[in-house]
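Peer 1: Chain by chain, the residues run as shown.
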Amino acid sequence: MSESGNKSVEQLEREAEFLKKEIESVDEVIHSEEKIKHDLEKREHEVEEEARREREKHDHDHDHDHHVRITMVVNGQPVVIEAEEKEKLAEVRRRALHETQNLAQPPENWEIKDEAGTVLDPEKHVGEYHFGKEVTLFLSLKAGAAG
Amino acid sequence: MTVPQVVDPGVSGAKFDREVAAYRDLEPTYRKRGWLLLEAKFPEVFVAFAATKLKPAPIVAAVILDFTDYDLQPPSVRFVDPFTREKLLASNVGFQMFRRPPMPGVPPEAIAALMQQGGIQLSPLLQSNRQDDYPFLCLPGVREYHDNPAHTGDSWLLHRGSGEGSLAFILEKIWTYGVMPISGYQVQLLMPNIPLGMTLQGISE
Numbered sequence: 001m002s003e004s005g006n007k008s009v010e011q012l013e014r015e016a017e018f019l020k021k022e023i024e025s026v027d028e029v030i031h032s033e034e035k036i037k038h039d040l041e042k043r044e045h046e047v048e049e050e051a052r053r054e055r056e057k058h059d060h061d062h063d064h065d066h067h068v069r070i071t072m073v074v075n076g077q078p079v080v081i082e083a084e085e086k087e088k089l090a091e092v093r094r095r096a097l098h099e100t101q102n103l104a105q106p107p108e109n110w111e112i113k114d115e116a117g118t119v120l121d122p123e124k125h126v127g128e129y130h131f132g133k134e135v136t137l138f139l140s141l142k143a144g145a146a147g
Numbered sequence: 001m002t003v004p005q006v007v008d009p010g011v012s013g014a015k016f017d018r019e020v021a022a023y024r025d026l027e028p029t030y031r032k033r034g035w036l037l038l039e040a041k042f043p044e045v046f047v048a049f050a051a052t053k054l055k056p057a058p059i060v061a062a063v064i065l066d067f068t069d070y071d072l073q074p075p076s077v078r079f080v081d082p083f084t085r086e087k088l089l090a091s092n093v094g095f096q097m098f099r100r101p102p103m104p105g106v107p108p109e110a111i112a113a114l115m116q117q118g119g120i121q122l123s124p125l126l127q128s129n130r131q132d133d134y135p136f137l138c139l140p141g142v143r144e145y146h147d148n149p150a151h152t153g154d155s156w157l158l159h160r161g162s163g164e165g166s167l168a169f170i171l172e173k174i175w176t177y178g179v180m181p182i183s184g185y186q187v188q189l190l191m192p193n194i195p196l197g198m199t200l201q202g203i204s205e
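Residue numbers (this note's numbering), protein chains in the order written: chain S, 1 to 147; chain Y, 1 to 205.
Keep in mind that the hints were calculated from the coordinates and are not lab data. Everything numeric in this text was worked out from a predicted model, so none of it was measured. Glycine included, each C-beta is placed from N, C-alpha and C at the ideal position. Be careful, since some hints might not be right.
Covered by chain S, according to a simulated footprint, are these stretches of chain Y (three or more residues, beta-carbon under 8 Å) [to be verified]: (1) 10-24; (2) 27-33; (3) 64-72; (4) 169-178.
Model the full assembly from the supplied sequences, consistent with the hints where possible.
Peer 2: So, in structure tokens, the structure goes:
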């Protein structure tokens with residue numbers, strides 16, 4: 001004998017109707033939860049995207065912190081070189097000579113000087129001189145070097 | 001004596017203008033060094049040099065660079081009176097330029113000490129044949145150097161295009177070897193009687 005063996009048809013129909021409503025209610029909850037889940041996933045994606053952008057921006061700023069804009073005056077002609085602090089001045093000199101096509105003399109014949117005329121060591125790194133973000137340096141051909 | 005221009009004046013003039021324009025671009029920087037461009041009119045550039053380390057800063061030299069026939073010929077450099085533009089003789093130029101031999105690896109302090117003891121032979125860059133002659137800059141890239149009989153084997157054409165002989169190059173060398181080393185006034189007093197200074201509070205009754 002079944003559990004519902006002593007229930008009337010009407011009772012069974014009401015019970016079925018009740019269960020149907022319960023199922024609908026549960027479906028609504030599931031639907032609502034799924035919407036919340038979807039919204040959370042969307043928000044998670046947005047936050048991840050924002051974090052990526054912030055990380056890129058930070059890395060970019062960080063890179064700029066280690067860059068120095070050097071206006072190198074080669075025999076009176078200025079050229080701008082974006083140098084890294086870890087770069088040697090000799091490398092900056094080589095790039096400046098190449099960009100201005102001053103290739104008739106070897107780089108060693110060009111002295112690197114600051115505005116006050118102090119000779120800088122080409123073997124030192126850009127960062128060791130603490131130039132800040134911008135500086136003007138001079139490449140000066142040694143006197144009589146070609147003689 | 002004025003040398004006649006043999007190069008097309010338009011060519012020399014254009015190269016002269018390029019040199020002067022490059023100077024003008026950096027003029028504020030050069031002025032801080034004490035370089036004063038007083039006049040630039042083809043073929044001459046007139047520049048005075050002040051020794052900025054001294055206060056008050058005196059004008060210690062003035063030069064006229066002549067770009068006639070530039071750059072088939074390098075510029076001629078003459079030291080002149082900064083106020084009258086008259087060419088100065090060696091006896092009254094009142095300005096010296098010295099160069100020491102290269103000493104790689106020796107610290108600047110040691111070099112200075114050696115120089116003080118006379119242990120380093122300095123070469124004069126501003127030379128003259130006689131005291132009543134005009135001094136000349138003994139430097140490749142300067143016309144008087146290449147025209148000198150002692151340098152017939154060192155033609156300007158071997159140097160042209162190397163960077164030497166430009167306005168910036170020549171001015172920088174005059175500044176480096178002549179002006180930058182000037183660090184103080186040297187005063188000699190010739191007085192038979194020197195009054196002594198007294199503090200009034202120190203006078204006893």
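Peer 1: Do at least three Cβ atoms from the segment 10-24 of chain Y come closer than 8 Å to Cβ atoms of chain S?
Peer 2: Answer holds; 3 residues pass the 8 Å Cβ test.
Peer 1: How about the segment 27-33 of chain Y: do at least three of its residues have a C-beta closer than 8 Å to a C-beta of chain S?
Peer 2: Held - the segment 27-33 of chain Y has 3 residues with a Cβ nearer than 8 Å to chain S, which meets the minimum of three.
Peer 1: How about the segment 64-72 of chain Y: do at least three of its residues have a C-beta closer than 8 Å to a C-beta of chain S?
Peer 2: violated (count 0)
Peer 1: Under 8 Å between beta-carbons, do enough residues of the segment 169-178 of chain Y, three at least, approach chain S for the coverage claim to hold?
Peer 2: Holds: 6 residues of the segment 169-178 of chain Y have a Cβ under 8 Å from chain S.
Violated hints amount to a single one, hint 3; each of the other numbered hints is respected by the structure.
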